[in-house]
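Colleague: What follows is each chain in one-letter form.
Protein chains: 2
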Amino acid sequence: MGKKPFHTFEDLYRLVSDVLRRHGLSDDQGAIIAQAIVSGERDGCDAHGLYRTLSCVEAMQRGQVDGQAQPEVHDHAPGIVRVDAKRGFSLLAFERGLPMLEQKAHVQGIAVMMINHCYHFSALWFELEKLTERGLVGLAMNPSHSWVAPAGGTNPVFGTNPIAFGWPRPGSPPYIFDFASSAIARGEIELHRRRGERLPAGVAIDARGQATQDPVAAISGAMLTFGGHKGSALATMIELLAGPLIGDLTSAESLDFDQGAQVVPYHGELILALDPEVFLGPAKDAHWSRAEKLFDPVRGKPRPSGRGRIARTA
Amino acid sequence: MGKKPFHTFEDLYRLVSDVLRRHGLSDDQGAIIAQAIVSGERDGCDAHGLYRTLSCVEAMQRGQVDGQAQPEVHDHAPGIVRVDAKRGFSLLAFERGLPMLEQKAHVQGIAVMMINHCYHFSALWFELEKLTERGLVGLAMNPSHSWVAPAGGTNPVFGTNPIAFGWPRPGSPPYIFDFASSAIARGEIELHRRRGERLPAGVAIDARGQATQDPVAAISGAMLTFGGHKGSALATMIELLAGPLIGDLTSAESLDFDQGAQVVPYHGELILALDPEVFLGPAKDAHWSRAEKLFDPVRGKPRPSGRGRIARTA
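Protein sequence lines, in the order shown, are assigned to chains A and B.
In terms of numbering that gives the first Met the number 0, the first sequence opens at residue 0 and continues consecutively.
In terms of numbering that gives the first Met the number 0, the second sequence opens at residue 0 and continues consecutively.
For the record, the hints were derived by calculation from the structure and aren't laboratory data.
Please note: incorrect hints may appear among the correct ones.
If the Cβ cut is set under 8 Å, some of the chain B residues that face chain A in the computed set are [said to hold, decoys possible]:
id, residue
1, A76
2, V111
3, W166
In this text, all values refer to a predicted model and were calculated from it rather than measured experimentally.
Heads up, the beta-carbon is just placed ideally off N, CA and C, and yes, glycines get one too.
Looking at chain A on its own, in the form it has when it is part of the complex:
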């Protein structure tokens, strides 16, 4: 009613960063979070778009996140940047550690950023975009709250534990994936409950460990990982690498730490950066062209002549 609509992503960015600042986030914390949220909206990723402003504000209102936190960047080892998020959100910690990560990857070939003591609600693809923009190959992962049972188990042990990978493609948008190792997003269960819909098969168990498609039973039971025992193995790796290895909480510990405050998960994050120029030197462009065939296999390579061959051998 007379309000000006949002015509541009700049408008949206200003709105989001204003809202975040008014709820106690520093200019720096607010700016990078607003940038991530607008990127989600831009790409049609609703779950990490404007909607996330609410989770962020809610987390602030519960009073545990330090919206004024200034992350501290430490040169931990030749191949490791350590960033202490000081109980702020993860994104500013990532942004502050990125120059040192890039520099280390450029010297060593491979380097790690470990972020500690961060509240985390954002998608990892946003960070992978930052790495690929710098020509780096990246891999990132983090635990969350323990809502997911291991394959064959009934107790929730894992978080939704996302893993994300990025590959720069000069002249094209990067190849980036970012997926939860759980079979379904936590929020999807609640959405099914509200709509009175049953869950897909194979995504959850009830409190007695029996398969269920009832969202209410699933919430009091556990979610499952994608891909059975293989997804479960992957979720375990993510717990270990982005938990104890970097001296930070597992998903079970994050949920315990939360103690009913219902804040976003509090834990660490692990980000690997690999510099293709160090791996390949002047041969990089030729090898990168070969990689492009994977993204367009039909044009790059018709059905391989060798298919069917194995049928005739032991």
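Add chain B to chain A, keeping to what the hints say.
Modeller: Just chain B now, with coordinates in the frame of chain A:
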């Protein structure tokens, strides 16, 4: 009939290394392969036990593998060991590069071994055991021959692309996983065909891209990845990291290179090593104890008090 049975793994080791040497493998190549094969037999991993001696001998008889190859180890960058397998099998290359990988991980915190120009038939867990024995956390992957279609696609592009992870557990066997990113092992399809059995649902498509449970149709079509689009994304990552990033062949290129010779895949391998002592210093033991709760969550941590909580929130 009068032959002495094999009473010990030492007997078996001697048999396998004798056979391998008689088929043209150097003492060094034969020794490490025999060690891997006996480990497979020891652990009841039939697919990578004694049976593999045959694939190894067959590959030698086809005349493309250099059984006398001496791998060359290069100090490629502070965080990268490069090993040229010189067209030998992968395992001796790994063994030769391992001391430098360990040393680099110890200095940098994280390091990579890239193996190039290797013939590959062995499981990755054997290498992960070597890393965890040295107290290192490890991650390894490689492409193979392109028999696997991406999610939503019909042309085989990926190999069975295994990924393996290892976590040392002082006083216990390490936590190691090693799985193909394909939904089924290549050999399993052939075994189903021989037994006249149908394949499980969801593991293969026929030449027209339609789901099939007929092993013959699957061989002339393509295998699928585990876990749908997520497994497919993982297979893509493995192709990229252990292919073009290290200047070596993708699975499609490996199959083309083979040109009907029916030798084991020829490609590269990527191995990451992370040194927990560098990540955690004196705090390592405390964090490693926390990690143990993941392996015994019921004893280590009863059902988290927080479960069910999210049902009451948005």
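Colleague: Each hint should be assessed against the structure and marked as holding or not.
Modeller: Against the structure, the hints come out as follows:
no.	hint	result
1	A76	holds, 4 Å
2	V111	holds, 5 Å
3	W166	holds, 5 Å
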